[in-house]
Amino acid sequence: MPLQPEVELTTDEQKVSYGFGLQFGDQLLRNDFPGLDLAAVMAGLQHWYNERQSLLADGELNPSYDAIKAKQEAVAAELVAKREALAAQFMQANAQRPAVSTTASGLQYEVLEAGEGASPGPRSNVVTHYHGTFVDGTVFDSSVDRGEPARFGVHEVIPGWTEALQLMRIGDKWRIACPPALAYGAQGAGDAIPPNTALVFEIHLLGIEE
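Per UniProt numbering, residue 1 is the first one in the sequence shown, and the count goes up by one each step.
There are no misleading hints in this set.
Quick list of the computed label-pair ranges, beta carbon to beta carbon:
# : residue 1 : residue 2 : range
1 : A81       : G190      : 13 to 23 Å
2 : S119      : F20       : 51 to 61 Å
3 : A99       : N62       : 55 to 65 Å
4 : W48       : G185      : 35 to 45 Å
5 : G207      : A99       : 22 to 32 Å
Rather than coming from a laboratory, the hints here were simulated on the basis of the structure. Virtual Cβ for every residue (Gly too), placed ideally from N, Cα, C.
I would like the entire structure built from these sequences, with the hints used as guidance.
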């Protein structure tokens, strides 16, 4: 449903003022927290802009900032613990499957199709098709879905991939499971991969481009 204008937006001054509001709204979104009160936000904006005064002194505001920060950190820590537990449970259960082999690093792999070609080296460039999912099966990235093989250096990818590719031969198709330490670790990868997440890939090694 299109937005319904609540103010006139005809003059340049009105449009620029509205643009300031959009910028401030974006800042609020980037600093959002449960319980954020837009009415209080607008009151603070109007009090400072119109009167250069605040209803609250720093001595009242700062403890509340600290309290909200502590709540956010507690929620983040809880999410980290849940992801770590989920990753550990998945890796443990997956390791029990007869078709799965586990390397010394903790990488798990299952041979789906066996090839007979050469194996890449640590500085090789490879051509692959892959399908990446979270442990619940949700797809987060897939060259298969895009219909275009991926080309990259063996040393340019996550540790789990670097290790697996050097064990594979051209023509191999493997399913690998990477614990967080062999994926994107505690940092994650932007909005796509949360921190401390185990990842599953089906990798088809199509070729080596030295």
